[in-house]
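Number of protein chains: 2
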Amino acid sequence: MNNKIMKLAINEAKKAYKKGEVPVGAVIAKNNKVVALAHNEVEKKKNCTLHAEIIAITKASKKVKNWRLNDCEMYVTLEPCAMCAAAIELSRISKIYFLIKKDKNIKINDKKYIYVEDNDFNKKILNLIQTFFKSKR
Amino acid sequence: MNNKIMKLAINEAKKAYKKGEVPVGAVIAKNNKVVALAHNEVEKKKNCTLHAEIIAITKASKKVKNWRLNDCEMYVTLEPCAMCAAAIELSRISKIYFLIKKDKNIKINDKKYIYVEDNDFNKKILNLIQTFFKSKR
Numbered sequence: 292m293n294n295k296i297m298k299l300a301i302n303e304a305k306k307a308y309k310k311g312e313v314p315v316g317a318v319i320a321k322n323n324k325v326v327a328l329a330h331n332e333v334e335k336k337k338n339c340t341l342h343a344e345i346i347a348i349t350k351a352s353k354k355v356k357n358w359r360l361n362d363c364e365m366y367v368t369l370e371p372c373a374m375c376a377a378a379i380e381l382s383r384i385s386k387i388y389f390l391i392k393k394d395k396n397i398k399i400n401d402k403k404y405i406y407v408e409d410n411d412f413n414k415k416i417l418n419l420i421q422t423f424f425k426s427k428r
Numbered sequence: 292m293n294n295k296i297m298k299l300a301i302n303e304a305k306k307a308y309k310k311g312e313v314p315v316g317a318v319i320a321k322n323n324k325v326v327a328l329a330h331n332e333v334e335k336k337k338n339c340t341l342h343a344e345i346i347a348i349t350k351a352s353k354k355v356k357n358w359r360l361n362d363c364e365m366y367v368t369l370e371p372c373a374m375c376a377a378a379i380e381l382s383r384i385s386k387i388y389f390l391i392k393k394d395k396n397i398k399i400n401d402k403k404y405i406y407v408e409d410n411d412f413n414k415k416i417l418n419l420i421q422t423f424f425k426s427k428r
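In the order they appear, the protein sequences are chains A and B.
Read in order, the letters of the first sequence are residues 292 to 428 in my numbering.
Read in order, the letters of the second sequence are residues 292 to 428 in my numbering.
Everything labelled a hint here was simulated from the structure, so no lab data went into it.
Hints are supplied without guarantee of correctness; some may be wrong.
Copies of one chain are not kept apart here, so a pair can be met inside one copy or by any two copies together.
[What the hints assert, rightly or not] Pairs of lysine-lysine, DSS-like flavour, derived with a Cα cap of 30 Å:
id : residue 1 : residue 2
1  : K337      : K350
2  : K402      : K425
3  : K402      : K350
4  : K403      : K393
5  : K414      : K356
6  : K402      : K324
7  : K427      : K324
8  : K335      : K353
9  : K306      : K392
10 : K324      : K392
11 : K309      : K350
12 : K309      : K393
13 : K353      : K306
14 : K425      : K321
15 : K427      : K356
16 : K309      : K402
For reference, chain A alone in the conformation it holds in the complex (with noise of 0.2 Å):
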């Protein structure tokens, strides 16, 4: 886990909140190094397939020129939905970094899911999350 890049997650997940967007960040890395940046992009767009790993995942495979993204990791504020998991699969994305874990969707069998323990990230990321849904309610 690369401290660094989860910092820019969580400062993806800014974007979105400030943009009123369920606050969610993804970056994907290589060899820790950065391929692409997302966030959660579904009202400004109108597409609820614009998730922030969707749009990390298309920005990623642009920018290698391959829909394989093999040796691929990905950091992402929240635990993937059931699309996003199932669009990580089919990537081959060989690892995923999270910051909150949802009840519903955990991946505690598969070992490509690591879920991060950082007080610092894990707090910050759920109270913005928190915060968000409050300002919904």
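For this one, chain A is given, so just place chain B on it according to the hints.
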């Protein structure tokens, strides 16, 4: 089930086949009017997320200017994969007509999914898929 619309989905699958893509076509319709036509573009666009269903959702959302596709129906030549099934859930599409079942992933418990038994349609698509995969061996 509207036969004319399913024929358009089959036609999209043929377009994919001609381009060397896995031959899958999808159409989104509302009140029996076509909203979006799409076929698999994974290889052309080098993006593993660009299955026919995802592209159809993107196009339909643009057209109706809303990520919510309530009251829309999807016609798709192959039973959706896990990524597409989850995207369909998110999109709120209300009904999915499909021609070919996949063993692993049959949505038998989901009343939204309707397996279309039409000998002519089923044969055409099965033949297209089998020919495609034979040619790749």
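A quick look at each hint next to the structure:
1. Taking identical chains as interchangeable, the C-alpha atoms of K337 and K350 lie at most 30 Å apart whether they share a chain (18 Å) or sit on different chains (11 Å).
2. In the homo-oligomer, the alpha carbons of K402 and K425 never lie at most 30 Å apart, since the shortest distance is 33 Å inside one protomer and 34 Å across protomers.
3. Proximity of K402 to K350 under the C-alpha cut-off of 30 Å is restricted to the intra-copy arrangement: shortest distance 25 Å within a copy versus 35 Å between copies.
4. For the homomeric pair K403 and K393, the shortest alpha-carbon distances inside one copy (16 Å) and between copies (26 Å) are both at most 30 Å.
5. In this homomeric assembly, K414 and K356 never come within 30 Å of each other (Cα to Cα): the closest approach is 36 Å inside a single copy and 35 Å across copies.
6. Only within a single protomer do K402 and K324 lie at most 30 Å apart by alpha-carbon distance; the minimum there is 22 Å, versus 45 Å between protomers.
7. For the identical chains of this complex, K427 and K324 are neighbours neither inside a copy (36 Å) nor across copies (34 Å), given an alpha-carbon limit of 30 Å.
8. Taking CA atoms no more than 30 Å apart as the test, K335 paired with K353 passes in both settings, with 21 Å inside one copy and 11 Å between copies.
9. Proximity of K306 to K392 under the C-alpha cut-off of 30 Å is restricted to the intra-copy arrangement: shortest distance 21 Å within a copy versus 41 Å between copies.
10. In this assembly of identical chains, the alpha carbons of K324 and K392 lie at most 30 Å apart only when taken from the same copy (25 Å versus 41 Å across copies).
11. In this homomeric assembly, K309 and K350 come within 30 Å of each other (Cα to Cα) both inside a single copy, at 21 Å, and across copies, at 26 Å.
12. For a Cα distance limit of 30 Å, the shortest separation of K309 from K393 inside one copy, 23 Å, qualifies, whereas the shortest one across copies, 42 Å, does not.
13. Both within a single protomer and between protomers do K353 and K306 lie at most 30 Å apart by alpha-carbon distance, with minima of 22 Å and 23 Å respectively.
14. Proximity of K425 to K321 under the C-alpha cut-off of 30 Å is found in neither arrangement, the shortest distances being 36 Å within a copy and 34 Å between copies.
15. Taking identical chains as interchangeable, the C-alpha atoms of K427 and K356 lie at most 30 Å apart only when they sit on different chains, with a minimum of 21 Å there against 39 Å within one chain.
16. For the identical chains of this complex, K309 and K402 are neighbours neither inside a copy (33 Å) nor across copies (38 Å), given an alpha-carbon limit of 30 Å.
Violated hints, listed in ascending order, are 2, 5, 7, 14 and 16; each of the other numbered hints is respected by the structure.
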